[in-house]
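Given these sequences and hints, build the entire structure.
As they're listed, the protein sequences go chains F and P. Taking the working numbering, I'd label the letters of the first sequence as residues 480 to 737. Taking the working numbering, I'd label the letters of the second sequence as residues 480 to 737.
Incorrect hints may appear among the rest.
A pair holds if it fits inside one copy or across any two, identical chains being indistinguishable in the list.
Okay, derived cross-link-like pairs now, SDA-like style, lysine to any residue, Cα gap no bigger than 20 Å in a straight line [claimed, not checked]:
hint, residue 1, residue 2
1, Lys-566, Glu-706
2, Lys-482, Asn-692
3, Lys-482, Ile-669
4, Lys-566, Trp-685
5, Lys-651, Gly-715
6, Lys-566, Glu-671
7, Lys-651, Val-544
8, Lys-482, Tyr-614
9, Lys-482, Gly-688
10, Lys-566, Gln-673
11, Lys-566, Arg-534
12, Lys-651, Ser-728
13, Lys-482, Ala-546
14, Lys-651, His-716
15, Lys-566, Glu-689
By construction, these hints were calculated from the structure, which means they are not laboratory data.
In case you want the letters, here they are:
Protein chains: 2
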Amino acid sequence: MRKPLILVTNDDGITAPGIRTLVEEMQALGDVVVVAPDSPQSGMGHAITMSEPLRIHRVSLFSGVEAWECTGTPVDCVKLAKHVVLKGRRIDLCVSGINHGSNASINIIYSGTLSAAMEASLEGIMSIGFSLLDYSFEADFGPCRPYVRHIARQVLESPPAQTRLLNVNIPKRPDIQGIRVCRQADARWIEEFQEARDPRGQPYYWLTGEFVNLDQGRDTDVTALEEGYISVVPSGHDLTVHPAIPELSPLLNRFAHV
Amino acid sequence: MRKPLILVTNDDGITAPGIRTLVEEMQALGDVVVVAPDSPQSGMGHAITMSEPLRIHRVSLFSGVEAWECTGTPVDCVKLAKHVVLKGRRIDLCVSGINHGSNASINIIYSGTLSAAMEASLEGIMSIGFSLLDYSFEADFGPCRPYVRHIARQVLESPPAQTRLLNVNIPKRPDIQGIRVCRQADARWIEEFQEARDPRGQPYYWLTGEFVNLDQGRDTDVTALEEGYISVVPSGHDLTVHPAIPELSPLLNRFAHV
Numbered sequence: 480m481r482k483p484l485i486l487v488t489n490d491d492g493i494t495a496p497g498i499r500t501l502v503e504e505m506q507a508l509g510d511v512v513v514v515a516p517d518s519p520q521s522g523m524g525h526a527i528t529m530s531e532p533l534r535i536h537r538v539s540l541f542s543g544v545e546a547w548e549c550t551g552t553p554v555d556c557v558k559l560a561k562h563v564v565l566k567g568r569r570i571d572l573c574v575s576g577i578n579h580g581s582n583a584s585i586n587i588i589y590s591g592t593l594s595a596a597m598e599a600s601l602e603g604i605m606s607i608g609f610s611l612l613d614y615s616f617e618a619d620f621g622p623c624r625p626y627v628r629h630i631a632r633q634v635l636e637s638p639p640a641q642t643r644l645l646n647v648n649i650p651k652r653p654d655i656q657g658i659r660v661c662r663q664a665d666a667r668w669i670e671e672f673q674e675a676r677d678p679r680g681q682p683y684y685w686l687t688g689e690f691v692n693l694d695q696g697r698d699t700d701v702t703a704l705e706e707g708y709i710s711v712v713p714s715g716h717d718l719t720v721h722p723a724i725p726e727l728s729p730l731l732n733r734f735a736h737v
Numbered sequence: 480m481r482k483p484l485i486l487v488t489n490d491d492g493i494t495a496p497g498i499r500t501l502v503e504e505m506q507a508l509g510d511v512v513v514v515a516p517d518s519p520q521s522g523m524g525h526a527i528t529m530s531e532p533l534r535i536h537r538v539s540l541f542s543g544v545e546a547w548e549c550t551g552t553p554v555d556c557v558k559l560a561k562h563v564v565l566k567g568r569r570i571d572l573c574v575s576g577i578n579h580g581s582n583a584s585i586n587i588i589y590s591g592t593l594s595a596a597m598e599a600s601l602e603g604i605m606s607i608g609f610s611l612l613d614y615s616f617e618a619d620f621g622p623c624r625p626y627v628r629h630i631a632r633q634v635l636e637s638p639p640a641q642t643r644l645l646n647v648n649i650p651k652r653p654d655i656q657g658i659r660v661c662r663q664a665d666a667r668w669i670e671e672f673q674e675a676r677d678p679r680g681q682p683y684y685w686l687t688g689e690f691v692n693l694d695q696g697r698d699t700d701v702t703a704l705e706e707g708y709i710s711v712v713p714s715g716h717d718l719t720v721h722p723a724i725p726e727l728s729p730l731l732n733r734f735a736h737v
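Okay, here's the thing in structure tokens:
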């Protein structure tokens, strides 16, 4: 029987420790091909490269695994993987990460890790974005390894009918309590900018901020993580707020003709 | 009475014709401040700038209007507008665009125009992304002007209770048929890459693609636009596919402890 073909990507760059963990765990489940950015791409969201050409280079980084680095964003990597590197081959699963840092809640919209996975899901490929709540380069991915493999194996064996994208976040602790399938918390960043001056006296600004959970519910990813569980949020790409359609229609449709 | 404070931004850059149209229409409704990218940022999605500092410069581009150009992405512009340029001032409305080209359906997730508006909506600011289905620099924004002003005025006067973000797309035609509040179509891009060779014989790739509507429904933004209407999709940022939670829970939660 044909082994599953698993595409691995990330946004921290192809040399980050997190993607190495993911490659190793996926090798137990199928044939692995890596297509990932040649430099860190955190916070790139769903950016695509339109005004510059893209380049890919074969690299030797993972034992026994075909790997390519790409000059573009995480979303570019997935597009290049599907249409150039793996042209004509069926991709059974796309996994992105393991990100160094949380992509729970609203972070999904800023995250290159999740945007790469979402891009694959738009192509009809079952996809998972994995993130560990530890920004450190020395983050310990050990405790999460069996869970990462379990989640990937389960969706390979029994692909869910109603979603093709899972946002998986993993607490930073040795004693992970289990897995909880849940919804995205309503949270946001309270931002500020650090102002500094260059040698010519001109101001410049560094983005900084604090994550704040505004959600009272206990059934969210943020709560699951606080309680020591891995959060799994089945995710999609329909941003429509359906209940607002009947509310807005009378307000705007009245202006039928100028 | 205090006039409404309206923040104007875009992703085509502060010198694009579309933002000029938007500034002119918003001047009829309130005090306008422009904070927009200093270069084109199409396809930047919800990218934010984390590894470089940001700069802003006051510019004189619009008669009687305070305007700033920013080195970052559209989302960076909104953050800088709120936390640096307009620090402490209440923003009543954020409008982004008018984009040169469609942001209907799935384009919302790639679009810098809509990501800027979404970022403002996350800050609690009522926001609208406007796009005209004409990529040309010489696009005629004339026919849509009264509609743009009408939609902005209506949400300023009667902010909807259930959404803070509208994705407004405008057909390219002189005889716009009216406005239709609707849902995001389920559509996608069928991509391919154009391969070329540099003078050293190395390959490089340009992203290209074709938009395909997969949605059978007639109540979508793509259909409204095809029928000559302006589409207005009330939008949010919860990507959870709620019906998939009960489906996935038994599959994954079984693995309670390793």
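Status of the hints after comparison with the structure:
1. Lys-566 <-> Glu-706: neither (43 Å within a copy, 36 Å between copies)
2. Lys-482 <-> Asn-692: Classified as neither: same-chain Cα gap 42 Å, cross-chain 33 Å, threshold 20 Å.
3. Lys-482 <-> Ile-669: Intra 46 Å, inter 26 Å, cutoff 20 Å: neither.
4. Lys-566 <-> Trp-685: Classified as between: cross-chain Cα gap 16 Å, same-chain 40 Å, threshold 20 Å.
5. Lys-651 <-> Gly-715: neither (26 Å within a copy, 30 Å between copies)
6. Lys-566 <-> Glu-671: between (44 Å within a copy, 10 Å between copies)
7. Lys-651 <-> Val-544: neither (28 Å within a copy, 49 Å between copies)
8. Lys-482 <-> Tyr-614: neither (33 Å within a copy, 44 Å between copies)
9. Lys-482 <-> Gly-688: This pair counts as neither: shortest intra-copy Cα distance 44 Å, inter-copy 30 Å.
10. Lys-566 <-> Gln-673: between (45 Å within a copy, 13 Å between copies)
11. Lys-566 <-> Arg-534: within (16 Å within a copy, 41 Å between copies)
12. Lys-651 <-> Ser-728: Neither way: Lys-651 and Ser-728 sit 46 Å apart in one copy and 22 Å across, limit 20 Å.
13. Lys-482 <-> Ala-546: Close inside one copy (18 Å), not across copies (57 Å); limit 20 Å.
14. Lys-651 <-> His-716: For Lys-651 and His-716, the Cα distance exceeds 20 Å both inside one copy (28 Å) and across copies (26 Å).
15. Lys-566 <-> Glu-689: Intra 42 Å, inter 17 Å, cutoff 20 Å: inter-copy only.
In the structure shown, a violation is registered for the earlier hints numbered 1, 2, 3, 5, 7, 8, 9, 12 and 14, in ascending order.
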